[in-house]
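Peer 1: The whole structure should be built from the sequences, with the hints applied where relevant.
From first to last, the protein sequence lines stand for chains A and E. Throughout the first sequence, residue numbering follows my numbering, covering 1 to 565 in sequence. Throughout the second sequence, residue numbering follows my numbering, covering 566 to 728 in sequence.
No lab work stands behind these hints, which were simulated from the structure alone. One or more of the hints may lead you astray.
So, partial list: chain E residues that the calculated Cβ filter (under 7 angstroms) puts toward chain A [as the list claims (entries may be wrong)]:
1. 575
2. 579
3. 586
4. 590
5. 591
6. 628
7. 631
8. 633
9. 634
10. 635
11. 636
A short list of chain A residues far from chain E (calculated; beta carbon distances all over 12 angstroms) [to be verified]:
12. 150
13. 332
14. 490
A virtual CB, placed ideally from N, CA and C, is assigned to each residue, including glycine.
Single-letter residue listing:
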Amino acid sequence: MISGAEIVIRCLQEEKVECVFGYPGGSVLHIYDALFKQEEVKHILVRHEQAAVHAADAYSRSSQKVGVALVTSGPGVTNTVTGIATAYMDSIPMVVITGQVPTQYIGQDAFQECDTVGITRPCVKHNFLVKDVKDLAVTLKKAFHIAATGRPGPVVVDVPKDITAQMCEFEYPKTIQMRSYNPVVKGHLGQIKKAVQMLQEAKRPIIYTGGGVILSDAAEKLTQLARRLNFPVTNTLMGLGGYPATDSQFVGMLGMHGTFEANNAMHYADVILAIGARFDDRVIGNPEHFGEEKRRVIHVDIDPSSISKRVKVDVPIVGNVADVLDEMLKLLDGGFTADPEVAGWWKQIDEWRGRDSLRYKQAEHIMPQFVIEKLYEVTGGEAFVTSDVGQHQMFAAQYYKFDKPRRWINSGGLGTMGVGLPYGMGVLLANPGAQVACVTGEGSIQMCIQEMSTCKQYELPVKIINLNNGMLGMVRQWQEMFYSKRYSQSYVTSLPDFVKLAEAYGHVGMRIEKPEDVEPALRKAFTEHKNDLVFMDFIIDPAANVFPMVAAGKGLTEMILAEDL
Amino acid sequence: MRHIISILIENESGALSRVAGLFSARGYNIESLTVAPTEDPSLSRMTILTSGSDEVLEQITKQLNKLVDVVKVVDLSEAAHVERELMLIKVRATGKDREEMKRMADIFRGRIVDVTESTFVIELTGASGKLDSFIAALDAGLILETVRTGVCGIGRGDRILKV
Numbered sequence: 001m002i003s004g005a006e007i008v009i010r011c012l013q014e015e016k017v018e019c020v021f022g023y024p025g026g027s028v029l030h031i032y033d034a035l036f037k038q039e040e041v042k043h044i045l046v047r048h049e050q051a052a053v054h055a056a057d058a059y060s061r062s063s064q065k066v067g068v069a070l071v072t073s074g075p076g077v078t079n080t081v082t083g084i085a086t087a088y089m090d091s092i093p094m095v096v097i098t099g100q101v102p103t104q105y106i107g108q109d110a111f112q113e114c115d116t117v118g119i120t121r122p123c124v125k126h127n128f129l130v131k132d133v134k135d136l137a138v139t140l141k142k143a144f145h146i147a148a149t150g151r152p153g154p155v156v157v158d159v160p161k162d163i164t165a166q167m168c169e170f171e172y173p174k175t176i177q178m179r180s181y182n183p184v185v186k187g188h189l190g191q192i193k194k195a196v197q198m199l200q201e202a203k204r205p206i207i208y209t210g211g212g213v214i215l216s217d218a219a220e221k222l223t224q225l226a227r228r229l230n231f232p233v234t235n236t237l238m239g240l241g242g243y244p245a246t247d248s249q250f251v252g253m254l255g256m257h258g259t260f261e262a263n264n265a266m267h268y269a270d271v272i273l274a275i276g277a278r279f280d281d282r283v284i285g286n287p288e289h290f291g292e293e294k295r296r297v298i299h300v301d302i303d304p305s306s307i308s309k310r311v312k313v314d315v316p317i318v319g320n321v322a323d324v325l326d327e328m329l330k331l332l333d334g335g336f337t338a339d340p341e342v343a344g345w346w347k348q349i350d351e352w353r354g355r356d357s358l359r360y361k362q363a364e365h366i367m368p369q370f371v372i373e374k375l376y377e378v379t380g381g382e383a384f385v386t387s388d389v390g391q392h393q394m395f396a397a398q399y400y401k402f403d404k405p406r407r408w409i410n411s412g413g414l415g416t417m418g419v420g421l422p423y424g425m426g427v428l429l430a431n432p433g434a435q436v437a438c439v440t441g442e443g444s445i446q447m448c449i450q451e452m453s454t455c456k457q458y459e460l461p462v463k464i465i466n467l468n469n470g471m472l473g474m475v476r477q478w479q480e481m482f483y484s485k486r487y488s489q490s491y492v493t494s495l496p497d498f499v500k501l502a503e504a505y506g507h508v509g510m511r512i513e514k515p516e517d518v519e520p521a522l523r524k525a526f527t528e529h530k531n532d533l534v535f536m537d538f539i540i541d542p543a544a545n546v547f548p549m550v551a552a553g554k555g556l557t558e559m560i561l562a563e564d565l
Numbered sequence: 566m567r568h569i570i571s572i573l574i575e576n577e578s579g580a581l582s583r584v585a586g587l588f589s590a591r592g593y594n595i596e597s598l599t600v601a602p603t604e605d606p607s608l609s610r611m612t613i614l615t616s617g618s619d620e621v622l623e624q625i626t627k628q629l630n631k632l633v634d635v636v637k638v639v640d641l642s643e644a645a646h647v648e649r650e651l652m653l654i655k656v657r658a659t660g661k662d663r664e665e666m667k668r669m670a671d672i673f674r675g676r677i678v679d680v681t682e683s684t685f686v687i688e689l690t691g692a693s694g695k696l697d698s699f700i701a702a703l704d705a706g707l708i709l710e711t712v713r714t715g716v717c718g719i720g721r722g723d724r725i726l727k728v
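Peer 2: Structural data, given as structure tokens:
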């Protein structure tokens with residue numbers, strides 16, 4: 001017989017969890033005691049519970065393993081909610097173990113009590129409150145199973161303190177059967193055949209892929225398929241790296257800040273092969289405008305509810321992306337001839353490409369786009385890039401060419417500012433020794449800046465690329481364009497001296513103010529300071545905006561281009 | 566369009582809030598909701614009366630199926646089915662109204678299940694429309710209290726919702 005707390009740790013060991021991100025407190029003291037008595041599961045002590053969940057999330061994004069966070073009841077839980085919702089929106093497999101007040105106190109407004117299951121319910125794939133120590137191991141098994149299978153997502157397991165003290169036999173189930181949960185894996189073969197037929201008939205095809213390709217580890221299969229078809233490929237923000245960005249068939253990211261060629265190709269395509277993407281509002285712009293063109297849509301997704309949600313689909317294929325692509329490739333091996341008109345479509349795309357929609361003007365100030373281009377060069381395109389949310393995120397997505405999956409780590413769905421630094425921590429713990437750049441801004445970085453302390457404690461050499469324009473850039477951009485330049489609360493004054501701040505935490509700080517200093521600073525950071533966290537405060541052009549841009553409510557082809565201004 | 570969704574769901578605490586939360590979070594309509602354990606006490610059967618376009622209904626069933634605790638979902642109103650609702654209605658029954666109330670209850674095949682010197686409680690079962698008609702047929706001033714269970718339903722013939 002072992003205690004509930006020991007059962008929790010044994011379950012983590014059985015799941016081969018190497019790393020847990022967390023913060024102790026009253027309700028989880030037994031669990032932390034059990035953690036202390038073993039060495040297999042490493043614990044990373046963050047400075048705020050939100051960062052624990054973000055780090056666990058990035059640990060998963062960059063490795064395909066399930067991320068794990070451990071926090072105490074009450075405020076420990078409420079602090080995790082942003083992180084859980086972030087992971088939920090991007091379908092990231094994660095298990096969050098939360099302490100709860102002892103069973104007999106639940107509902108009594110006890111110290112550090114909150115309704116964890118109630119608070120997290122709308123932003124988890126599933127959650128559990130463990131009411132009997134005998135259910136503890138099975139519940140954790142279910143949690144890992146649910147988190148990682150089907151459309152992945154975060155699962156919360158709420159464990160009251162008394163349960164962690166009670167003694168019980170430990171037996172970890174090898175497999176789990178749930179009558180209510182059996183996600184589809186294989187796609188329907190008849191549908192896949194129909195899809196291939198439709199691809200043969202396509203005159204203006206496009207392959208549009210999203211985060212599902214990354215989550216399903218299907219990047220290689222997608223590349224094979226695209227090469228075999230010789231069709232253009234566009235990725236969503238979440239799908240970057242799912243197809244090599246340096247490949248000639250890649251037309252760039254699409255959507256609100258997508259390239260001219262990607263958005264036009266998407267809009268005017270006669271057949272869209274959508275894979276692991278969900279036609280969301282940032283991707284297709286105004287749905288009525290998008291619906292004006294006649295086209296046929298093939299949609300591969302593991303989640304049936306993503307299909308025909310925003311765009312009517314002609315050939316729905318419910319299944320795991322990798323499995324469906326396998327079947328498609330097999331069918332293509334039986335012979336595939338693309339319509340001869342596709343050659344003309346490529347010509348049209350090349351014409352759109354000729355607009356060079358990502359071109360920008362160098363200025364006296366450092367241009368943010370330039371920093372990202374240099375970052376790409378200096379890291380040889382091999383870095384893991386974590387980002388926060390705002391203009392810098394879009395610049396990173398547009399100008400860092402991701403050739404591999406799981407290298408671009410950002411909050412796409414929820415758009416959570418503050419994720420960048422904890423994401424960097426999670427990536428480094430899953431990929432020790434990797435080059436990790438956190439592209440951020442002076443607004444976002446301050447939302448989780450306390451984690452510089454965690455980075456010191458665990459020697460996590462994140463390279464912070466702070467694109468500092470002294471403004472909440474994306475907010476300012478919208479105010480400039482749509483609110484007659486009334487810059488309501490988008491200035492950030494009283495900024496700290498980031499160099500001194502980094503140094504105060506025991507790291508290296510740099511301030512870069514001239515374009516010619518950008519590359520040397522980056523080189524220094526990634527070579528001389530390879531093993532240090534380097535905070536690079538780039539003072540950038542405060543007027544730089546992200547283009548192309550599809551304004552809210554506009555259609556995909558109604559882009560504002562930099563050249564128009 | 567009016568639809569009756571039947572759900573088999575694991576009889577766990579919080580199951581109801583997952584379904585109700587889904588409807589409110591996604592802006593779906595709940596006109597009535599009934600839930601109780603089935604003959605297998607580990608399962609609950611829930612009946613939701615909702616409305617929406619075909620697209621909305623498609624999303625409702627897909628989203629319900631996505632809930633980890635949901636075992637099966639069916640739109641009963643897609644095919645032949647029986648639906649019933651139970652109402653208890655307390656009415657003032659004095660003087661000549663007493664006889665009138667008794668007669669009305671008989672016409673609607675209701676049963677008087679509680680009697681005092683001044684009130685009756687009438688139990689009435691049927692499709693929702695019949696209950697509405699009964700209320701409409703009474704003098705509104707005499708209705709003291711009503712309580713309705715909401716619709717529950719079952720498919721006709723071979724249509725069976727079971728694990």
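Peer 1: In ascending order, which of the hints set out earlier in this document are inconsistent with the structure?
Peer 2: 5 and 12
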